[in-house]
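Taken in sequence, the protein lines are chains H and Z. Going letter by letter, the first sequence gives residues 1 to 469 in the working numbering. Going letter by letter, the second sequence gives residues 1 to 248 in the working numbering.
Note that these hints are calculated values from the structure, not bench results. Just so it is clear, CB atoms sit at the ideal spot from N, CA and C, and this is done for glycine as well. A few of these clues could be false.
[What the hints assert, rightly or not] PhoX-like mimics (lysine-lysine), calculated; alpha carbons at most 25 Å apart, straight line:
id	chain 1	residue 1	chain 2	residue 2
1	Z	Lys121	Z	Lys103
2	H	Lys374	H	Lys314
3	H	Lys26	H	Lys239
4	Z	Lys103	H	Lys446
5	H	Lys256	H	Lys312
6	Z	Lys103	H	Lys465
[What the hints assert, rightly or not] Label-pair distances were calculated between CB atoms; the ranges are:
id	chain 1	residue 1	chain 2	residue 2	range
7	Z	Gln13	H	Gly406	39 to 49 Å
8	H	Gly406	Z	Glu209	48 to 58 Å
9	Z	Ser57	H	Leu450	43 to 53 Å
10	Z	Asn11	H	Ile414	26 to 36 Å
11	H	Leu450	Z	Lys181	38 to 48 Å
12	H	Val242	Z	Ser146	52 to 62 Å
13	Z	Arg189	H	Asp16	48 to 58 Å
14	H	Val395	Z	Leu71	45 to 55 Å
15	Z	Ser146	H	Gly412	18 to 28 Å
16	Z	Pro38	H	Gly406	42 to 52 Å
17	H	Ala363	Z	Arg189	52 to 62 Å
18	Z	Ser57	H	Arg389	28 to 38 Å
19	H	Ala363	Z	Asp69	54 to 64 Å
20	Z	Ser146	H	Lys94	53 to 63 Å
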Amino acid sequence: MNEKTYLDEISHSRYDFRYAEDNYFKVDQGLNEDIVLEISREKGDPDWMRDFRIHSLKQYHRLSVPDWGPDISGLHMEDIITYIRPGHAGMTPKWNELPGEIRETFERLGIPQAERDSLAGVGAQYDSEIVYHNVREEVAAQGVVYTDLESALHGPYADMIRSHFMHLVPCTDHKFAALHGAVWSGGSFVYVPKGVSVDIPLQSYFRLNAPGAGQFEHTLIIVDEGASLHFIEGCSAPKYNVANLHAGCVELYVEKNAHLRYSTIENWSKNMYNLNTKRAVVKEGGLMEWASGSFGSHVSYLYPTTILAGAKAKMTYTGITFAGAGQNLDTGMKVVHSAPDTASVIHAKSISKSGGISTYRSAVTVTPAGTGSKSTANCESLMLDDQSRSDTIPVLNINTADAEIGHEARIGQISNEAIFYLMSRGLSEEEARARIVSGFADSVSKELPLEYAVEMNNLIRLEMKGSIG
Amino acid sequence: MSPLLSVRNLNVQINEQPILHRISLELAPGEVHVLLGPNGAGKSTLGNVIMGNPAYSVTDGEMLFNGMDLLPLSVDQRAQAGIFLSFQNPLEVPGISLFSFLKSAYDLTHNTHERLWTFRKQLSGTLQDLAMDESYLDRDLNVGFSGGEKKKAEILQMLTLNPKLAILDETDSGLDVDAVKAVSHGVARYMEDAEHTLLIITHSTRILESLHVDRVHILAEGHIVHEGDASLIDEINTHGFERYLSLQ
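Isolated chain H, as found in the complex (with noise of 0.2 Å):
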């Protein structure tokens, strides 16, 4: 009997196939000036971009590599192809006019079903370039803005691009953000006017598909005074033997009483290197709220990161991570309460198994301002086995003699006695182990999208087979 074989083959169906990039325009490996120059004129940048690059560039070969997180040794700049774009012209609102291959994938991947049942938007970016982008008719007419960043530049939103892009993290930020400064491409505008609400979400969907490849789409948001919205990016790509990395950049602008929902479920291959950089601010009476599923990749370094800057902002993180065999996923959340009574309400699940390494690593930072805060976290670990590891490194930085602050983690294992219990009931041992571990990701599964629920709890079952000796 071979089933893992043939578990592998079905679990990779959905993700893990390609097709040739073949009449691609793609830029040579590694990164240098040329290299930017070429891909800043290959986008059409105004010169103002271009220089922001190069500026960019500057701050990536001037600041260093981590030295804190997982080992991204096996990640060689070098051999890394910043910019590939998909050989066909441009973007469209039709899916029938994508190229054979490029909508082929997005049909597998669920992707013009998920628009059609139950999205106001969806966006989606092959390799470095957006393909598709609409949004339906109702939600246009609101004045709602949902673009690729690129036609934006060029557009009526030219100013408000050029005076918030990378101000939430400027390239100087960290290594990888000035890498993402200086060669990005793709990635979605979105602006919501004044007190208009988008009651059915948007989406990105972010698929890299060449071996090799960096991907460095960059997200940014703005919601207006008393505006709503729900926003949702997934992301996946077909596993290679070679490293590809991914740096995107996410900036989100919660303006006063306005209230933005972000959701991810995050499927990288496990080739992946996924170092991926979200900020939010937060102004006053506004609400942030992410919810994120994290599953794939080689190595992570994500914590989205919220500045609640107005009175009475909130903000509430609710995130899964999965790091099995191979993995090791660095994940977690930042929060700075900057401003008199805020508040933060975090709740990280973190799963590992066959030697993956789950790390939650936080800070809450409560700043001489932020007078009358609160925030309470809550961090629950499952490890599946005795190779695997789970680690919890909470940072706290209270500058206020009122805030109130509180934090609980907690780190377990399946026990016997459960699992005993489910069996006596008639489950076999790895449904019941299946349905334990889905069990304690349904408090975050919950408040995914549905599709991405069950989507989770196909993955966390797909990483659940064969899982017994």
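Given the coordinates of chain H, assemble chain Z onto it according to the supplied hints.
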């Protein structure tokens, strides 16, 4: 009649320490047996061993169910064969609703795929019998349930799965009067089927009042030290276990 469960000369260890010694029992279909004994006598262990808890190892003897050798069967296979254990301390399993758990368990033990709505309707009568509100179905399995609610949920599972043999491990202990009543009612309903067989583990006897008991076994320090008919229950109630403790 050929026995439903037949345990012969069973020796059991946990962590290489002997814990049950030369246990023999025979339950015919339709019978109610009671296993009495002081705390720590090994009563729950025997229930767990019949169910197949891998924490215990059977070092000698045999166990037959409907003439089939139980020892090589895994816990879920025993459940599918028709054995049920009501746990003394039912485990809390977050993220699995009682309903979806019952549904999976029912489908797996009955080799079927019951429709959700039909199944839910089936359950509502049983819930009423146990004085349980239907909202329990949507709560996470045993999470935040009181002691009595957990035991009622066990009996709900028993009545739903409809096993040939049910082992009730201290199902009546620590319950208030109403909960004992509901649980006893459920157990009595289970025994309405002439083929249904019970092994009741208890150190009190309240749950037995509404049942016709066929045989009583007294377990002390891992040995069956005495057996008799239902009159033994009254005797234990009056005199306690004292006189059996040195008989092994």
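Hints and how they fare:
Restraint check: the Cα-Cα separation between lysine 121 of chain Z and lysine 103 of chain Z comes to about 12 Å, which is no more than 25 Å; the hinted pair holds. For the given pair, lysine 374 of chain H sits about 10 Å from lysine 314 of chain H by alpha-carbon distance, which is consistent with the 25 Å threshold. Distance hint between lysine 26 of chain H and lysine 239 of chain H is fulfilled; the C-alpha atoms sit about 20 Å from each other, no more than 25 Å. Proposed proximity of lysine 103 of chain Z and lysine 446 of chain H is supported: the alpha carbons are some 20 Å apart, at most 25 Å.
Using a Cα cut-off of 25 Å, the hinted pair lysine 256 of chain H and lysine 312 of chain H holds, with the two alpha carbons roughly 10 Å apart. About 21 Å separates the Cα atoms of lysine 103 of chain Z and lysine 465 of chain H, which keeps this hinted pair within 25 Å; it holds. With their beta carbons about 45 Å apart, glutamine 13 of chain Z and glycine 406 of chain H fall inside the hinted range of 39 to 49 Å. Range check, glycine 406 of chain H to glutamate 209 of chain Z: about 49 Å between beta-carbon atoms, so the 48 to 58 Å window is met.
Between serine 57 of chain Z and leucine 450 of chain H, the C-beta spacing of about 45 Å keeps the proposed range 43 to 53 Å intact. At about 30 Å, the beta-carbon gap between asparagine 11 of chain Z and isoleucine 414 of chain H stays in the expected band of 26 to 36 Å. Checking the proposed 38 to 48 Å range against leucine 450 of chain H and lysine 181 of chain Z shows it holds: the Cβ atoms sit about 42 Å from each other. The hinted window of 52 to 62 Å between valine 242 of chain H and serine 146 of chain Z holds, with their beta carbons roughly 57 Å apart.
The hinted range of 48 to 58 Å is satisfied by arginine 189 of chain Z and aspartate 16 of chain H, whose Cβ atoms lie roughly 53 Å apart. At about 54 Å, the beta-carbon gap between valine 395 of chain H and leucine 71 of chain Z stays in the expected band of 45 to 55 Å. Between serine 146 of chain Z and glycine 412 of chain H the beta carbon distance is about 24 Å. The supplied range of 18 to 28 Å therefore holds. A C-beta distance of roughly 45 Å is found between proline 38 of chain Z and glycine 406 of chain H, which places it inside the suggested range of 42 to 52 Å.
A C-beta distance of roughly 58 Å is found between alanine 363 of chain H and arginine 189 of chain Z, which places it inside the suggested range of 52 to 62 Å. Roughly 31 Å separates the CB atoms of serine 57 of chain Z and arginine 389 of chain H, a value that falls within the hinted 28 to 38 Å. A hinted range of 54 to 64 Å holds for the C-beta pair alanine 363 of chain H and aspartate 69 of chain Z, which are about 59 Å apart. Checked against the hint of 53 to 63 Å, the C-beta distance between serine 146 of chain Z and lysine 94 of chain H comes to roughly 59 Å, which is consistent with it.
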